[in-house]
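Quick note, the sequences are listed as chains W and A, same order.
First residue of the first sequence? That's 125 in this note's numbering, and the numbers climb one at a time after it.
First residue of the second sequence? That's 48 in this note's numbering, and the numbers climb one at a time after it.
Because the hints were derived from the structure by calculation, they are not lab data.
Given the structure is predicted, the values throughout are model-derived calculations rather than measurements.
Beta carbons: idealized from backbone N, C-alpha and C, even for Gly.
Mixed in with the good hints there might be a few duds.
To be verified - Selected chain W positions facing chain A (Cβ under 10 Å, derived; list incomplete): (1) LYS199; (2) GLU203; (3) LYS207; (4) MET226; (5) THR250; (6) MET254; (7) SER255; (8) SER299.
Now for the letters of each chain:
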Amino acid sequence: MKFEGRTALVTGGSRGIGRGIVQALAAQGAKVAFVYQSNSQAAEALVAELTQAGHTVVAHQVDVRNKEAVDAVVKTVTEAWGKLDVLVNNAGVIRDALLATMTPEQWRDVIDTNLTSVYNFCQAVTRPMMSARYGRIINMSSVAGEFGNKGQANYAASKGGINGFTRCLATELASRGITVNAVAPGFIETDMTEAVRNVAEAEIKKNIPAKRLGKPEDIANAVLFLASQESSYITGQVLSVDGGLTLGGF
Amino acid sequence: MSNDEIFEKVRKTLIDALSVDDDEVTPEATLIGDLGAESIDFLDISFRLEKEFAIKIPRGELFPDNMSLADKSLVKDGLVTPEGITELRTRLPHANVDKFAADPKMEHISELFTVQMIVNFMAHKLNG
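Work out the full structure, taking the sequences as your base and the hints as a guide.
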């Protein structure tokens, strides 16, 4: 197993893409801690499922917007397992609204949950990863970080921010054996995209060269690669995993 | 702890942090010019010193965050002014500011960061 002896922390791990990442890392032998915001039932079910399969998985309920809470959970995990090899910043929300009607709460909720959380976690893991001279940080971006979607100014700002953040942090940490990359999913079958899929799935598929929506496993596979030791010479990149959606072909 | 003991621990820390040879780490060696330290290394060195000496080093105390002396009265025509020198003595009480003041070119300001400066800082921290 590729991740035997490795430890990983995944944010937003109880559902959707994060859940797929937790499952994939655990299946490859990593000890995985994941954090979730509110859905204890989903989190407990995932821990139970993976523990029964013989994997080491723990869940922590954490508000990723809260720096002290993030510092505390990173400390707990690194002390328990002695190190942290992989961080996947996956927690994210959408609060779509046309800008003209977007409330300050809708703006702040998305920026704080999607972007400030990345700052919080990356800063918290810097020290243990620098000491170990090894680390893999993967930030969950989105095709929305580069392309315009009506009603997603807040979400696009958070994801575009993640792309820039990823490139900067990559230059800061490269000499320490720590890589920092982003994965930019297209349309993936999760709760987050359910509303838009319900009204426009056929139309969306028409625009995807692969002619299908992505699954959480498709994203998890890209994350596994960037989280592996073998990807050590790749840093500061934003990898689109979108079935060709953003290629602009006809 | 004697200064020799402190120096040996500092030397070990710098060898680990900067991947330099032990004979390169002399008291006079400058961290940036001689030992090739970059900005992230200063953070790494602080972390490692904390571990090696089992003390806390508040951020900015050993290596100040901002050394650009952006205020106009502190630098003029590329030279650090007398006011600027006073400011440096405050911010870097353990550096050899006298040596720098003899030829206070801003472009040489990084030479204030020497191995001896760290040793002096640690001695002050440990022995008061």
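Interface hint compliance - SER255 of chain W to chain A, C-beta minimum distance less than 10 Å:
Where the cut-off is 10 Å and the nearest Cβ of chain A is about 6 Å from SER255 of chain W, the hint holds.
Interface restraint verdict for LYS199 of chain W against chain A (beta-carbon cut-off 10 Å):
Status violated, d = 15 Å.
Interface restraint verdict for THR250 of chain W against chain A (beta-carbon cut-off 10 Å):
holds (8 Å)
Tell me if MET254 of chain W is really an interface residue toward chain A, meaning its C-beta lies closer than 10 Å to one of theirs.
Holds, because the Cβ-Cβ distance from MET254 of chain W to chain A comes to roughly 6 Å (cut-off 10 Å).
Mind checking the CB of LYS207 of chain W against every CB in chain A and telling me if the closest is under 10 Å?
violated (14 Å)
Does MET226 of chain W pass the interface hint, meaning its C-beta sits closer than 10 Å to a C-beta of chain A?
violated (35 Å)
Holds or violated: the hint that SER299 of chain W contacts chain A, with Cβ atoms closer than 10 Å.
Since the shortest Cβ distance to chain A is 7 Å, the answer is holds.
Against chain A, is GLU203 of chain W within 10 Å by beta-carbon distance?
Hint on GLU203 of chain W: violated, closest Cβ of chain A at ~15 Å, above 10 Å.
Comparing the model with each numbered hint stated earlier shows that hints 1, 2, 3, 4 do not hold.
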